[in-house]
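Chemist: Taking the hints into account, I'd like the entire structure generated from these sequences.
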Amino acid sequence: MLSGLHDAVSDQTLGNRMAHNWSCAEAKNPGCDCACGGAGHGCRGAFKIADGPLDGVLELVKQREDAWDPKSVKPTRPTRQAVIGCGQAEVVHWLHRDRGLLYCAWTTQTVAFEDDPSAPAQGMVLRRVGEHLGSELMAEFQEWALAKHFWCGLLAQMACAIAQYEVLRCRIFRTVENLIEQQHGQTFPDALRHAGSIGSAVHWAWRYVLPSVVAASGAGTLATVLAGGDLGRLLWPIRVIAVLMCPDASDHAMVREHCWYPILRLARAQVRDAVRERFAQVFREDPWFGLGHNAPS
Numbered sequence: 001m002l003s004g005l006h007d008a009v010s011d012q013t014l015g016n017r018m019a020h021n022w023s024c025a026e027a028k029n030p031g032c033d034c035a036c037g038g039a040g041h042g043c044r045g046a047f048k049i050a051d052g053p054l055d056g057v058l059e060l061v062k063q064r065e066d067a068w069d070p071k072s073v074k075p076t077r078p079t080r081q082a083v084i085g086c087g088q089a090e091v092v093h094w095l096h097r098d099r100g101l102l103y104c105a106w107t108t109q110t111v112a113f114e115d116d117p118s119a120p121a122q123g124m125v126l127r128r129v130g131e132h133l134g135s136e137l138m139a140e141f142q143e144w145a146l147a148k149h150f151w152c153g154l155l156a157q158m159a160c161a162i163a164q165y166e167v168l169r170c171r172i173f174r175t176v177e178n179l180i181e182q183q184h185g186q187t188f189p190d191a192l193r194h195a196g197s198i199g200s201a202v203h204w205a206w207r208y209v210l211p212s213v214v215a216a217s218g219a220g221t222l223a224t225v226l227a228g229g230d231l232g233r234l235l236w237p238i239r240v241i242a243v244l245m246c247p248d249a250s251d252h253a254m255v256r257e258h259c260w261y262p263i264l265r266l267a268r269a270q271v272r273d274a275v276r277e278r279f280a281q282v283f284r285e286d287p288w289f290g291l292g293h294n295a296p297s
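Residue 94 in our numbering is what sits at position 94 of the sequence shown, and the numbering runs on without skipping anything.
Honestly, the hints are just simulated from the structure, not real lab data.
All C-beta atoms in this analysis are idealised placements derived from N, C-alpha and C, irrespective of residue type, glycine included.
Where hints are given, some of them may not hold.
Quick list of simulated restraints, FRET-style, between CB atoms [to be verified]:
(1) L58 with D190: 45 to 51 Å
(2) T221 with G134: 32 to 38 Å
(3) P75 with S118: 39 to 45 Å
(4) A274 with S118: 40 to 46 Å
(5) T221 with A267: 27 to 33 Å
(6) D286 with S118: 18 to 24 Å
(7) S72 with L266: 25 to 31 Å
Distance condition first, Cα-Cα at most 35 Å in a straight line; then the derived DSBU-like pairs of lysine-lysine [as the list claims (entries may be wrong)]:
(8) K148 with K62
(9) K74 with K48
(10) K48 with K62
(11) K48 with K148
(12) K148 with K71
(13) K74 with K62
(14) K48 with K71
(15) K148 with K74
Modeler: Written as structure tokens, this is what we have:
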């Protein structure tokens, strides 16, 4: 049932990365090694499984369960990755049951990030940022973005900012850009900073991600959603894309806090108690996974 799913190619260096392709788009293991900068990692494969028969979804759940060692007591990197894998399988199962959310998240991810030279209406965020930076700086930016979890981090920050909309609604755009710049600070190359690469990425992500979510969810217009306060329509597809996109959330606290934690606590996602307990057991440094911690919106 999972014969179309391939491991991400991992034998190439960042300096000689392949173009984004089906291996990355349908990757089932952590890590990304291609030119998408992590923005297309794993999503398409996960969406295809969710859209397929239940047997395929349950096979993915079983595979991720088999990778989990219940005797593991130390939160080693493989253990942390195994927990994230179990969580991703739960999200795929959720999407299989909730076809409206599946359609919305899949459509948004495709329009915003699934770059395909033969499909000019896809991958618009990457296309626009590439037009702004030019090919050479874009390649450098994507190398940096992959190393720093930029794209899934951008979505996590968008989800965080939207969840705080009542407080930040007049400053959402600038809030995300400021948070990302503060987070990466000294690690961001000067040439990319002077070129305004983060500002361009934030601008085009807002431009295509949010309207795509609204259009795919049938909510009318973005203004209508924001005015009506129905922020869940925006938050859940963004969170779903972020947790499926993140090349290795075991090493990315932002995605765990702003995307994984709300999903684990959401009743209709129906994440199994055993998987939630594994997150709390393994990610001990994350206080939000502890019992009694209030869930974000």
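Chemist: Could you check the hint for me, namely that L58 and D190 are 45 to 51 Å apart, CB to CB?
Modeler: holds, 50 Å
Chemist: Determine whether the Cβ-Cβ distance between A274 and S118 falls within the hinted range of 40 to 46 Å.
Modeler: Holds, since A274 and S118 (Cβ atoms, about 43 Å apart) stay within the stated range.
Chemist: Has the given pair, K48 with K62, been kept, meaning a C-alpha gap of at most 35 Å?
Modeler: holds, 17 Å
Chemist: CA of K48 to CA of K71, is that 35 Å or under?
Modeler: holds, 32 Å
Chemist: Please work out if K148 and K74 have their alpha carbons no farther apart than 35 Å.
Modeler: Holds, because 25 Å separates the two Cα atoms, which is no more than 35 Å.
Chemist: Lying within 27 to 33 Å: is that true of the beta-carbon distance T221 to A267?
Modeler: Holds - the Cβ-Cβ distance for T221 and A267, about 29 Å, lies within 27 to 33 Å.
Chemist: Next pair to validate is K48 with K148; report whether the Cα-Cα distance is within 35 Å.
Modeler: holds, 27 Å
Chemist: When you check the alpha-carbon spacing of K74 and K62, does it fall within 35 Å?
Modeler: holds, 22 Å
Chemist: Does K71 sit within 35 Å of K148, going by the straight-line distance between their CA atoms?
Modeler: holds, 31 Å
Chemist: With a cut-off of 35 Å on the C-alpha distance, tell me whether K148 and K62 pass.
Modeler: OK: K148 and K62 at ~30 Å, within 35 Å.
Chemist: So if I understand the rule, the pair passes when the alpha-carbon distance is 35 Å or less; does K74 with K48 pass?
Modeler: holds, 33 Å
Chemist: That 18 to 24 Å hint for D286 and S118 (C-beta), does it hold up?
Modeler: violated, 41 Å
Hint 6 alone, counting from the list given before, is not met by this structure.
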